[in-house]
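*Asks:* Using the sequences plus the hints, can you model the full thing?
Here's the letter readout for the chains.
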Amino acid sequence: MRIGTGLLLGLISGLLWGAIAVAIIGISLTLITGLPATPIISAGALGGAVNAAIILLRPPKDRTPGLYLVAFAGVIIAMILVSFGAPFSLAFSESSLIQAFGVGLVALAVTFANRAVLIDIHAGMLKRYKTDLVIVRVLKGFGFVFFSVIVILPFYVMVMTSLKNQQELFLNPLDLSIDLTQGAASLFDSYVELFTKFNFGRFLLISTIVSVSTVLITLAFSIPGAYAVARLKFPGQTVLSSSILLIYLVPMIVLVIPLYAVFSQLGLRNTVVGLLIVYPATTVPVALYMLQGYFRGLPAELEEAGLMDGLSRLGVIWKITLPLALPALASVSLYVFMIAWNEFLFAFMFLDDPDIFTLSRGVVSLNSSEVPRQHLMAGAVIATVPILVIFLWFERFLVQGLTAGSVKG
Amino acid sequence: MTTSHGTNTPSANAPPHSNGQTPKRKSKIGPMARREAKLALWMLAPTFLIVMGVVLFPLLANFWISVKPVKLSDLRPPTPVVSERVRGDFDVAGQEFSIQYRMRNSSRKGDITDVILTDTLPTGITITKVDPACRVTGSDVRCTLDQLEAGERKRLELTAIADAGFAANPISPRDSEPTVIGSAENILTNSEFTFDNFARIFDSREFWSVLWVSIAYTVFGTLGALLLGLFAALILNKPFAGRSIIRGLFLFPYVAPVIAVAFTWVILLDPFNGTFNAILLRMNLADEGVNFFGQRALPIDIFGMTFEFPLALATVIAFEAWRYFPLSFLFILARMQSISSDMYEAAEVDGATPLQQFWHISLPQLLGILSTLFLLRFIWTFNKFDDIFLLTGGAAGTRTLTVDVYEQGFALSNLGAGAAVAVAIFILLLIFAVFYFKFVHREDS
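Order-wise, the sequence lines are chains H and R.
Everything in the first sequence is counted per this note's numbering, starting at 6 for the first residue and increasing by one.
Everything in the second sequence is counted per this note's numbering, starting at 1358 for the first residue and increasing by one.
Accuracy of the hints is not assured; some may be wrong.
Restricting the straight-line Cα-Cα distance to at most 20 Å, the calculated cross-link-like pairs of lysine to aspartate or glutamate (EDC-like) are [as the list claims (entries may be wrong)]:
| no. | chain 1 | residue 1 | chain 2 | residue 2 |
| --- | --- | --- | --- | --- |
| 1 | R | LYS1395 | H | GLU309 |
| 2 | H | LYS132 | R | ASP1707 |
| 3 | R | LYS1595 | H | ASP137 |
| 4 | H | LYS135 | R | GLU1702 |
| 5 | H | LYS135 | R | GLU1534 |
| 6 | H | LYS135 | R | GLU1705 |
It should be emphasised that the hints constitute simulated quantities derived from the structure, not laboratory data.
The structure displayed is predicted, hence computed values, not measured ones.
*Replies:* Written as structure tokens, this is what we have:
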């Protein structure tokens, strides 16, 4: 083995992966099993470095599965030696099986990561290209871990908190494990309570009604408008198609005070109709912009043929344009549905009557010291699950919707 | 029809007709073209109406409200309230009894003028005495008052005697509800103006700190979301198994409702029994629970110099970056995928390292989308209200201008002051919008 920047970079990569692996797996063990584990970072880091050193012992083309097995064992031995037999600061006798599994997982993860980073790297002096390659691989791997953690952790905590009870949570906030032996009724206690005592069934219904109506109204308004902008000639067309985007830039909070004042006096404030006036107004411009872009891309010859055959303009739109634009309509509908479902500001400002609360408004009403926090999280889950299911189901359309018309945030 | 139509069907990627064409066309506009323009107008009318009514009108209305001394309670205009009482026995023939109308002005501030009360009396009673303000014609009572001052109560009384027939089959006079109307000045439409709202907003030292917090939140929140998005896009640029699943996962923070994720963060970062603080304690990274959303400043020592780190603001910015990185990620990824691979291959042959490729090929290609995203996200972050409101309620040095609108208008019940802050936001936005149209929109189209 020659000694050079390859070894240095390999050791640094090993240290990093070891530290990250032991920290994440240690904390995950705690969160999943409830064991009071404290991962010893230095043990993991050293294990990772040993692993990288073993891999680098041989040049890339001579690395056999046996070498990786030795490297794997190296992690375990180093970790146990450095941490005096307690890599998670737990006595060896305590849940030894889970601990052994954790250590094995760390070793596996570190070996896998080091192998991916060092696959064509030797221990000697590296060319600039190879040096960069190692840095990029480490950064990429780190990015994967980082993004996965920041995305998964909050959602995991949300779901698990909703399934526990307040005393357990206060006793040990790290223990998000679930006792599956308690039976479904007690496990889903918060959900049952929300639907029976807190009227969440109704909120769900109102949210659905409001969101679907918003989609329908938005389509009814924006389809003719988008068609006119895309296909018909009228003075001010250019100005219009570029200034639609300006509506994006208007903050909703600025509209709240005047709308609150006017809707209060008209008796529209505390009503679903009031919401159904405001929501489409914020979504129609977006929908119109997205649809007109799509309409422009459709072949005009088909429509002209329709016109020649004696169809009216509306007939052409209904029978030719819309069937062709179905994918765009799906994107727009899903996108508008998402906006309406997630809308918080106007629901919060306008609705006082629990009979017509949307889910957003309903969840806010759970945010008080009198309501246990697992109820709040259960409410959050109820609000999140439908939109996430729809999103995963129609991901292609929604992603198109998000990118096509650019988005309001 | 075909000829006029044929000329104006833009092909898929054709830019919208340039401005130069429109005036020329106008001068020789034919009946067909006129019909088409008329149809277009009709098709756009609903959109115009709803946007005018719900977006543009309120925008302008803010200017009006901001120069009005209007409080939240003024939205309920002064109304006359009446209750009817009967004194004495109306079911005994020949007995005198009285009908009283007790009127009250619901407001303690505004007067009501031209109050008119109407009621129907049961048949079979004879009115013996009438209040001077009232007139009885047949069974109808009509009382008029010129004015009911703020908080004033007034009692109108009629005296009546029941007939034998009525006493045998009595109907309470209270069965018919009296109606009362009056006209009160509506504070929103009268001609009383004041600059107190603006004076109040700009005089308070708070406004300038709010402005700074807004700008810091906007700049760092935008940069954070953009950098995270760029990082995520770089990771997912090369195809691998399970990429679409990871891409879907990365979009979760943006797709989930803001209330759900905001409350999750609040609970996750709770100083006493939040999971995140428990992790920090377990890893010995903190001595005690950190109050991420409640602590205004965290003193940090660097080389003996102590400086105050705005903890709550930083946490709110972190949330903003976390929630909106998926959006910039999507756009940047879409742009990256459209960069031709030839360039990278050529660079590879020339021996350019991955970092050099990123710096000299990817980044210049991404500059356009990055600057567009920066400006759009800048304005949207500036406009953001929900996130901070749900996370901290604007406490601990996180109050931005948007939260201030709510604070002034609803928490302090001073609609006028809230509207004044909204006007300030609107003017700042106009400046941004001018900037946007000058620099970005041209590149974009």
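*Asks:* List in ascending order the numbers of the hints, as given earlier, that are violated by the structure.
*Replies:* 5
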